[in-house]
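Join the two chains into one complex using the hints; note that each chain is given alone, in its own frame.
Chain residues, written in single-letter form:
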Amino acid sequence: AQSVAQPEDQVNVAEGNPLTVKCTYSVSGNPYLFWYVQYPNRGLQFLLKYITGDNLVKGSYGFEAEFNKSQTSFHLKKPSALVSDSALYFCAVSSTDSWGKFQFGAGTQVVVTP
Amino acid sequence: EAQVTQNPRYLITVTGKKLTVTCSQNMNHEYMSWYRQDPGLGLRQIYYSMNVEVTDKGDVPEGYKVSRKEKRNFPLILESPSPNQTSLYFCASRNTGELFFGEGSRLTVL
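Each protein sequence line maps, in turn, to chains A and B. Each residue of the first sequence is one higher than the last, beginning at 6 in my numbering. Each residue of the second sequence is one higher than the last, beginning at 58 in my numbering.
A portion of the hints provided could be inaccurate.
Claimed, not checked - Examples of chain B residues toward chain A, derived with CB under 10 Å: (1) Y92; (2) G97; (3) R101; (4) S106; (5) G154.
Since the hints were made in silico from the structure, they are not lab data. Being a predicted model, the structure only gives us computed values, none of them experimental. Virtual Cβ for every residue (Gly too), placed ideally from N, Cα, C.
Bound conformation, chain B alone (with noise of 0.2 Å):
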């Protein structure tokens, strides 16, 4: 089954603590990008990449880290968390149309 597989789905932290959220797609498209959902402000977008080692920030970039060493994976890392990154998460992969999004991840920062 195609799919975009994001991990944790849900999580609570504390500000300053380093965490990563994964992201997989098993469709071998070359483009993925990461989203956050705020109430009233619809999704922003906070980094793509459009292939291996090529990534570009979006509109939404402060407080984020990407990368991208293989193709399946895109990975969204938060080095040091703040209460203002509280948010629902999508991370989404496209061939040359639509994206394909994941369940998205909730995360809360205290």
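Next up, chain A with everything else stripped away, as it sits in the complex (with noise of 0.2 Å):
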């Protein structure tokens, strides 16, 4: 079975410092990670995504994660965060063994002050 582990319910940070949300998985064969953003009464969108390459994934709006193998871990990054930034932040997996299924996180609920 596979699982994805979001630690935090909650990240603050002030506008203009690094921004970090944290992701472990746990999947059979290799993964296929993903990281969404759902701003309030809207649907998901996709911020980007590691299947097969670089660790370090570039996505949009200046987000980027890295995939660590040895750690299990997919943390989503960006260099100096956006009051525009402040929303709920899901990753996913999925699985070369399991590609229909996808699991979400609980989610973790980004807070950025000016």
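Here you go:
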């Protein structure tokens, strides 16, 4: 069975400071990893993905994530947070063994203060 | 414009009254799936479909049915809704990578 953990319910950061949202996973087979963002009363927007290749993945709106196979982690990062980055962030995993199944983390609320 | 369209967006119904939430995508994706979102639980997969006439259970399929008679449509059926099915529902489709989500359907069962 595959699973995803987002250990922080909420992350608070001041505008201009680095932002990190943590994600760890467990799968059989090779992982496919994703980050999504949800703004209030909206659907989920795709930020970035790791399928194969470079461990550092760059995505939309200045976000990036690093795939770490030994630590089974895929943390989301942004060098300089904006107030507009305040939203709910979800990590998700699928895999080569379970391509049809997606597991999402519980979500991390990011609050960026001016 | 590439999109996944769900209807209705909002629905209040009563226990036991059958309802269907429709989902349609215009990206010619073979894969489609349904999720429910509940506070503190993230999104949980209900059913998914790898292609026409091929469906499979996700993590929380109890109380739901689906059908995939055409590639573009993947309706979610609640034969006898109960209050514990009050939730925000998302449909999604996928080519080979990320999921593309609809805007969501907020369902309240009284």
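Verification of the hints:
no.	hint	result
1	Y92	holds (8 Å)
2	G97	holds (6 Å)
3	R101	holds (7 Å)
4	S106	holds (8 Å)
5	G154	holds (6 Å)
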